[in-house]
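Chain B: place on chain A using the hints.
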Amino acid sequence: MVELEFERRLERLFAEPPAFSDEKAFAVSVERKLNRGWNIRRWIIGAAGLAGGVIGASQLIMSNFVHQVENASEGSTRLLQAGVQQLAPRSDLLAALPAGSSVVWIASGMAVLAIGFVVTRVFEEF
Amino acid sequence: MSGSQNNRLASAHDVELAALAAAGDRSAFGELVRRHGSAVRGLLRRMGAPPAEADDVAQDAFLTAFERIGEFRGQGTFVAWVRKIAARAYLRRLQRERKIAALTAADEAEDVAAPPDAAGRMDLDDALRGLGAAERICVSMCYGAGLSHAEAADALNLPLGTVKSHVKRGLEKLRARLAPADGAPLEGRRGNG
Numbered sequence: 640m641v642e643l644e645f646e647r648r649l650e651r652l653f654a655e656p657p658a659f660s661d662e663k664a665f666a667v668s669v670e671r672k673l674n675r676g677w678n679i680r681r682w683i684i685g686a687a688g689l690a691g692g693v694i695g696a697s698q699l700i701m702s703n704f705v706h707q708v709e710n711a712s713e714g715s716t717r718l719l720q721a722g723v724q725q726l727a728p729r730s731d732l733l734a735a736l737p738a739g740s741s742v743v744w745i746a747s748g749m750a751v752l753a754i755g756f757v758v759t760r761v762f763e764e765f
Numbered sequence: 019m020s021g022s023q024n025n026r027l028a029s030a031h032d033v034e035l036a037a038l039a040a041a042g043d044r045s046a047f048g049e050l051v052r053r054h055g056s057a058v059r060g061l062l063r064r065m066g067a068p069p070a071e072a073d074d075v076a077q078d079a080f081l082t083a084f085e086r087i088g089e090f091r092g093q094g095t096f097v098a099w100v101r102k103i104a105a106r107a108y109l110r111r112l113q114r115e116r117k118i119a120a121l122t123a124a125d126e127a128e129d130v131a132a133p134p135d136a137a138g139r140m141d142l143d144d145a146l147r148g149l150g151a152a153e154r155i156c157v158s159m160c161y162g163a164g165l166s167h168a169e170a171a172d173a174l175n176l177p178l179g180t181v182k183s184h185v186k187r188g189l190e191k192l193r194a195r196l197a198p199a200d201g202a203p204l205e206g207r208r209g210n211g
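Residue numbers (the numbering used here), protein chains in the order written: chain A, 640 to 765; chain B, 19 to 211.
Looking at chain A on its own, in the form it has when it is part of the complex:
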C-alpha cells in the first residue's frame, strides 16, 4: 500500500513539468522546423508532379497516341455528327466541333495536368 502510494506520488512528480525559461523559443523552433519540412515537402511534391506529368505525357505522345486520338476524334466526330443529324439535322453545329491535330495537343495538355494532379494527390495522401 505504502509502495503504491509512493509510486502514485512519483508519477505525479514526473507529470509536473519543470519550468524552462526558453519555453516559447523551443515551441517556435519546432514550428519553424515543421514549416520548413512542409515547404520542402511541397516543393518535392510539386517537382514530382511536374516530372510525372511530363513523363506521362511524353509516354502518351510517343506511344502512337497522336494517331489513335486523331482516329478516335475523327471517329467520334463522325458518330456525333450522325447522332446529331438524327436528333437535329443542323450541319452548321457540327462544323464548330474541333477535330484534327489541335485536339491532340489539347488532349496532351490535359493529360499532363491530370497526371500531375494525380501524382501530387498520391504524394500528399501517402
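Accuracy of the hints is not assured; some may be wrong.
[Said to hold, decoys possible] With beta-carbon atoms standing in for the labels, derived distance ranges:
hint: 1; chain 1: A; residue 1: F645; chain 2: B; residue 2: G179; range: 16 to 26 Å
hint: 2; chain 1: A; residue 1: G714; chain 2: B; residue 2: G88; range: 45 to 55 Å
hint: 3; chain 1: A; residue 1: S697; chain 2: B; residue 2: P177; range: 51 to 61 Å
hint: 4; chain 1: A; residue 1: W682; chain 2: B; residue 2: G88; range: 15 to 25 Å
hint: 5; chain 1: B; residue 1: R26; chain 2: A; residue 2: A690; range: 35 to 45 Å
hint: 6; chain 1: B; residue 1: Q23; chain 2: A; residue 2: R675; range: 51 to 61 Å
hint: 7; chain 1: B; residue 1: G88; chain 2: A; residue 2: E650; range: 22 to 32 Å
hint: 8; chain 1: B; residue 1: G88; chain 2: A; residue 2: N703; range: 36 to 46 Å
hint: 9; chain 1: A; residue 1: E709; chain 2: B; residue 2: A30; range: 38 to 48 Å
[Unchecked claim] Non-contacting residues of chain B with respect to chain A, defined by C-beta distances greater than 12 Å in every case (computed):
hint: 10; residue: Q23
hint: 11; residue: N25
hint: 12; residue: S45
hint: 13; residue: H54
hint: 14; residue: G92
hint: 15; residue: G148
hint: 16; residue: N175
[Said to hold, decoys possible] Listed below are several chain A residues computed to face chain B (Cβ distance under 8 Å; list not exhaustive):
hint: 17; residue: E646
hint: 18; residue: P656
hint: 19; residue: A658
hint: 20; residue: S668
hint: 21; residue: G676
It is worth saying that the hints were derived from the structure and are not from the lab. As the structure is a computational prediction, the values presented were derived from the model and not from experiment. Don't be surprised by glycine CBs; every beta carbon is placed ideally from N, CA and C.
Showing chain B alone in chain A's frame:
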C-alpha cells in the same frame, strides 16, 4: 496567425488540436508544442540527457508526433503519447551511439546526489541525479513516460528482470531521498531552467 485564431487554439482541448493537426493545421500543433514542450524536455533531462541533447530529441519527438498524429486517437493524453515517443527516441539514440551498455556498466559507480535543502528535502530532479544511469532511465521510463516494465525492457533491449531490479533499486533510493522530513509533499517545487 490572427488573434482570434490564437484564442481559439488556446482554448481548444488537446484532442481537438490533435484533430486539427491531423487535418494539416500546423498552428494547432504549435499550440500543443507550447503546452507540452516542457513536459517532454523535462522527461528527457530526467532520463539523464544533457540539456542540448534533450532539446534535440524533444524537437525530433514532436516532429515525429506531427507525422504520426493520425495514430493519436485520444485514448490517453497527448502529452503521455509524445513522452513515450520521446523516451523511445532517446533510447534509440543511446543505442545507436552504443551508450546503453556503458551506462548500465557504470551504474554502480554513479551515486552522487545534490545536497538536500535546509529542511533536508530534495526535489525529484535532485533526487534523480543521485541514481545510477540505468536506474534513472528505468524509473523515468516507467513513471515518467508511462511504459510498463516489459515495454521498458523491450525498448532498452535488456532482460525484464534487469529492468525490474533497476526500477526497484531506483525507487528505494528515491523514497529515501524524496521523503520529506515533515511529511509534506514536495509537489510544486520546480527547477531545471
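Do the hints match the structure? See the list:
1. The supplied range of 16 to 26 Å is met by F645 of chain A and G179 of chain B, whose beta-carbon atoms lie about 22 Å from each other.
2. Checked against the hint of 45 to 55 Å, the C-beta distance between G714 of chain A and G88 of chain B comes to roughly 48 Å, which is consistent with it.
3. In this structure, S697 of chain A and P177 of chain B meet the distance hint of 51 to 61 Å, their C-beta atoms being roughly 59 Å apart.
4. At about 23 Å, the CB distance of W682 of chain A to G88 of chain B agrees with the hint of 15 to 25 Å.
5. Take R26 of chain B and A690 of chain A: their Cβ atoms lie about 39 Å apart, and the range 35 to 45 Å holds.
6. Range check, Q23 of chain B to R675 of chain A: about 21 Å between beta-carbon atoms, so the 51 to 61 Å window is missed.
7. Checking the proposed 22 to 32 Å range against G88 of chain B and E650 of chain A shows it holds: the Cβ atoms sit about 28 Å from each other.
8. Under the hint 36 to 46 Å, the C-beta atoms of G88 of chain B and N703 of chain A, about 44 Å apart, fit the expected range.
9. Range check, E709 of chain A to A30 of chain B: Cβ separation about 58 Å, and the 38 to 48 Å hint is violated.
10. Annotated as non-interface, Q23 of chain B keeps its C-beta farther than 12 Å from every C-beta of chain A; the closest such distance is 14 Å.
11. Every Cβ of chain A is farther than 12 Å from the Cβ of N25 of chain B; the closest lies at roughly 17 Å, confirming the non-interface assignment.
12. With a least CB separation of 8 Å from chain A, S45 of chain B falls inside the 12 Å interface cut-off, contrary to its annotation.
13. Distance to chain A contradicts H54 of chain B as a non-interface residue, since its nearest Cβ pair spans about 8 Å, not more than 12 Å.
14. Interface exclusion of G92 of chain B from chain A stands, the closest Cβ pair being 18 Å apart, more than 12 Å.
15. With a least beta-carbon separation of about 14 Å from chain A, G148 of chain B lies farther than 12 Å from that chain, consistent with its non-interface assignment.
16. Every Cβ of chain A is farther than 12 Å from the Cβ of N175 of chain B; the closest lies at roughly 23 Å, confirming the non-interface assignment.
17. For E646 of chain A, the suggested interface contact is upheld, since its CB lies about 7 Å from the closest CB of chain B, less than 8 Å.
18. For the restraint placing P656 of chain A at the interface with chain B, the shortest Cβ-Cβ distance is roughly 4 Å, inside the 8 Å limit, so the hint holds.
19. Here the hint on A658 of chain A is kept, as its CB sits about 5 Å from the closest CB of chain B, short of 8 Å.
20. Annotation: interface hint on S668 of chain A holds; nearest CB of chain B at approximately 7 Å, less than 8 Å.
21. Taken as an interface hint, G676 of chain A checks out: its beta carbon lies about 7 Å from the nearest beta carbon of chain B, inside 8 Å.
Violation of the numbered hints given earlier is confined to hints 6, 9, 12 and 13; the remaining hints are satisfied by the structure.
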